[in-house]
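Participant: Sequence:
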Amino acid sequence: AVAPLFRPFVSCWLTQETLPLHRLNKRTALAMRVAGLVLILCPALTSSASSCSGDDCVKTDPRTALDDAGVESLHLLQHRPEGKTSAGNSYATYCTHEELVAGGKDCTPCLCSFDVDRTLTGRQGDLKACPNDEVLPVYDSAYERGNLTLSVVGQGFANTFCSGCYVAIVTAGNATGYQSKERAVLTDMLGKSGKLVSTEWTGPSLHGDHRSNCSGVKVQSTLVVGCVDKTKQYAVASIVDWLQTSHNVAISRKNVYHFDDREDNIAAFRGTGFNAIQVSCEPRDSAIGLCGAQKWEISAKDGVNLCYSHR
Numbered sequence: 304a305v306a307p308l309f310r311p312f313v314s315c316w317l318t319q320e321t322l323p324l325h326r327l328n329k330r331t332a333l334a335m336r337v338a339g340l341v342l343i344l345c346p347a348l349t350s351s352a353s354s355c356s357g358d359d360c361v362k363t364d365p366r367t368a369l370d371d372a373g374v375e376s377l378h379l380l381q382h383r384p385e386g387k388t389s390a391g392n393s394y395a396t397y398c399t400h401e402e403l404v405a406g407g408k409d410c411t412p413c414l415c416s417f418d419v420d421r422t423l424t425g426r427q428g429d430l431k432a433c434p435n436d437e438v439l440p441v442y443d444s445a446y447e448r449g450n451l452t453l454s455v456v457g458q459g460f461a462n463t464f465c466s467g468c469y470v471a472i473v474t475a476g477n478a479t480g481y482q483s484k485e486r487a488v489l490t491d492m493l494g495k496s497g498k499l500v501s502t503e504w505t506g507p508s509l510h511g512d513h514r515s516n517c518s519g520v521k522v523q524s525t526l527v528v529g530c531v532d533k534t535k536q537y538a539v540a541s542i543v544d545w546l547q548t549s550h551n552v553a554i555s556r557k558n559v560y561h562f563d564d565r566e567d568n569i570a571a572f573r574g575t576g577f578n579a580i581q582v583s584c585e586p587r588d589s590a591i592g593l594c595g596a597q598k599w600e601i602s603a604k605d606g607v608n609l610c611y612s613h614r
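Residue numbers (this note's numbering): 304 to 614.
Heads up, some of the hints might be wrong.
Unchecked claim - Capping the alpha-carbon separation at 25 angstroms, the derived lysine-lysine pairs in DSS-like fashion look like this:
1. K557 x K533
2. K484 x K495
3. K495 x K408
The set of hints was computed from the structure by calculation and includes no laboratory data.
Can you build the whole structure from these sequences, using the hints too?
Facilitator: As C-alpha cells, then:
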C-alpha cells in the first residue's frame with residue numbers, strides 16, 4: 304500500500320480538476336477554500352503528484368501537463384467538508400446519484416438549477432479561449448449565434464454533488480426554440496448527470512422567444528425558458544412547488560442551488576432562502592461568462608455567492 308502524504312480533515316470527494324499552476328504555491332501542500340469546497344494539493348509536483356484514496360492524499364504518477372492553450376496545469380483533488388454549512392444543510396446526507404435513482408428514501412433531496420447561455424454553454428466555437436469546451440454540429444441562437452458549444456459542466460456534471468440532486472434549467476433565452484436540437488442535447492445531458500423528472504419544457508418562451516418576468520409563472524416541468532434576468536428566482540420557487548405537488552418531492556430552500564454566469568441574476572436570490580452561485584468567472588466576456596461553468600464552481604455553498612467571493 305502507498306503511504307499517505309498527509310491525512311486531511313475532510314472526506315475525499317468528486318474528481319480531479321485543473322487550475323493553472325501560476326495560481327498555486329508549488330512548494331507545499333495547500334488547502335484552499337474555493338466556492339465552499341476544500342481543494343487539497345499535495346507536494347512534489349514535478350517528479351510525482353497526488354491522488355485521492357479514501358480519505359487520504361497519496362502519491363501517484365505525475366499529473367502535471369500542458370493544456371491546449373499551452374499553459375501548465377495541475378490536477379487538483381476536490382474534497383467535501385464534513386458537517387454542516389452555515390445554512391444547516393448536511394453534506395453527508397445529500398443523495399448520491401445511485402441513491403436518488405433508487406428512490407432517495409434515506410438521503411436529503413436537493414435541487415440544482417442551471418442557466419443555459421454561458422453557463423451550460425460557452426461562446427460559440429471559441430476553442431482558442433476555451434479549449435475544454437466542446438463544439439457540436441447543432442445550431443445555437445444565443446448571442447453571436449453559431450454551433451452549440453458546451454462548457455465543461457454542460458458536457459456533464461455526474462462527478463459533482465449535483466449528481467445526487469434533482470436538476471433543472473432556468474434561463475432567459477429559449478434554448479433555440481421549440482423542439483430544437485439544442486434542447487434535446489441539454490435534456491440528454493441533464494438526465495445522465497442528475498435526476499431529471501421530465502423532458503418537457505415550460506415557461507414564457509416554450510414556443511418562441513417571448514421572455515417575460517417570471518413572477519407568478521406556474522411551471523409544468525423543471526426545464527424553464529424565457530425568464531427575464533433578475534426574475535429567475537421566481538421560476539426556481541415554482542419548480543420547488545411543482546416537484547412537491549406533482550412528484551411528492553419536498554425540497555427545503557436551503558438545499559436548492561442555482562448556477563448562473565450573470566451577477567444580477569445571482570444577486571436577485573438574496574432574501575429568498577435559496578442558494579445561488581455565480582459561475583463562468585474566468586475568463587469573462589464583459590457582463591457575461593465566456594467559457595461557461597467549470598466543475599470546481601459547482602459547489603454546495605450556501606447563500607448568494609458572486610465571482611469575487613470565490614477567489
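Participant: Could you run down the list of hints and mark each one as holding or not?
Facilitator: Hints, verified against the model:
Of the pairs offered as hints, the one joining K557 and K533 holds, with about 20 angstroms between alpha carbons and a cut-off of 25 angstroms not exceeded. Pair hint K484 plus K495 holds up; C-alpha atoms about 17 angstroms apart against a cutoff of 25 angstroms. With a C-alpha separation of about 20 angstroms, the suggested pair K495 and K408 falls inside the 25 angstroms cut-off, and the hint holds.
Checked against the numbered hints above, the structure violates none of them.
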